[in-house]
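*Asks:* Sequence:
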Amino acid sequence: VLLGSGLTVLSQPLMYVKVLVQVGYEPLPPTLGRNVFGRQVYQLPGLFAYAKHIVKVDGRAGLFKGLTPRLCSSAIGTVVHSKVLQRCFLGGCSPPNASFPLQPGASKKEPVSSLEQVLKETSREMVARSAATLITHPFHVITLRCMVQFIGRETKYSGTLSAFATIYREEGILGFFAGLIPRLLGDILSLWLCNMLAYLINTYALENGVRAPRPAWGAPGGLGAVVPFVLPQVSTMAEMKSYSQAVTGFFASMLTYPFVLVSNLMAVNNCGLAGGLLPYAPTYSSWLDCWSQLHREGNMSRGNSLFFRKVPAGKRYVWE
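Counting along the sequence shown from 1, when you hit position 44 you're at 44 in the UniProt record's numbering, and nothing is skipped either side.
Simulated from the structure, these hints should not be mistaken for laboratory data. Because the structure is a prediction, the values reported are computed rather than measured. Glycine residues also receive a C-beta, built at the ideal position from the N, C-alpha and C atoms. Check the hints yourself; a few may be wrong.
Claimed, not checked - Calculated pairs, DSBU-like style, for lysine-lysine (alpha carbon to alpha carbon, straight line, at most 30 Å): (1) K120 to K83; (2) K83 to K310; (3) K120 to K52; (4) K120 to K56; (5) K310 to K52.
As the list claims (entries may be wrong) - Ranges of calculated distance between the beta carbons of each label pair, as one might list FRET restraints: (6) W192 to L90: 40 to 50 Å; (7) N270 to R34: 14 to 24 Å; (8) L115 to V55: 43 to 53 Å.
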């Protein structure tokens, strides 16, 4: 919990800037710069220029708006995630990496099916993550609204407890779960994509390449029975497997980013803050309506990158 809280504090300015960009708030006009290929293009302000503007307006403490509810969300989510996994194990599920019951004639050194193990572990992780997301989503909504207040200079969500009272008074219970469905769908899809891609890579690309056939010595002409030759690269393969998990996780997060964007926009849409109203966003009837409009505008990846932010042709932005 302490480690997670520390990482949350360190990443707060990054998330703050990302949320404001996702909403479509551009406080600084584009400047003429060069892209990664050296060509001159008009670029929107990046992470550091954006953060510098926030510091200029609110001071360094302004970069940490919404930190308290986000810390609560992180701590509670960690505890819930751990408790759900423990309940799953106590309910008869096998712990991670445990061998499954052997079938008749199966080797004692190998599990019945590594795919079966991946499916079971991913299912348990999905249940634990979904439970943690469901319970902590009200804090997530408050975090986002505290950040978006920067746009209109509001103080509506100035404290965590008062924010709970405000949301309940104005929107009822459902207000605490604005944007929950796309967030849950994105988390689940990202988890399954990551784990299944990692399994396929580790099983068919890495493990099959560890054994290379060589001729058995003593056979006539040196060419007899072919025996497997285990290459002395076990530790290297283990490292490659860990790298493959990181790569597939990044790939999965890129593919499911539109769910994150839609979830965050729905959490602040039409909540009484300037950042959730026109000209930044219309009033969406549902998260599918939000998705459809972003897709038509070509804004499904808005906020995904905070560096080399080229101004797309035909897009409209709101500048101060």
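*Asks:* Run every hint past the structure and note whether it holds.
*Replies:* We went through each hint and held it up to the structure:
no., hint, in the structure
1, K120 to K83, "17 Å, holds"
2, K83 to K310, "44 Å, violated"
3, K120 to K52, "46 Å, violated"
4, K120 to K56, "50 Å, violated"
5, K310 to K52, "19 Å, holds"
6, W192 to L90: 40 to 50 Å, "25 Å, violated"
7, N270 to R34: 14 to 24 Å, "39 Å, violated"
8, L115 to V55: 43 to 53 Å, "50 Å, holds"
Taken one by one, the earlier hints fail for this structure at numbers 2, 3, 4, 6 and 7, listed in ascending order.
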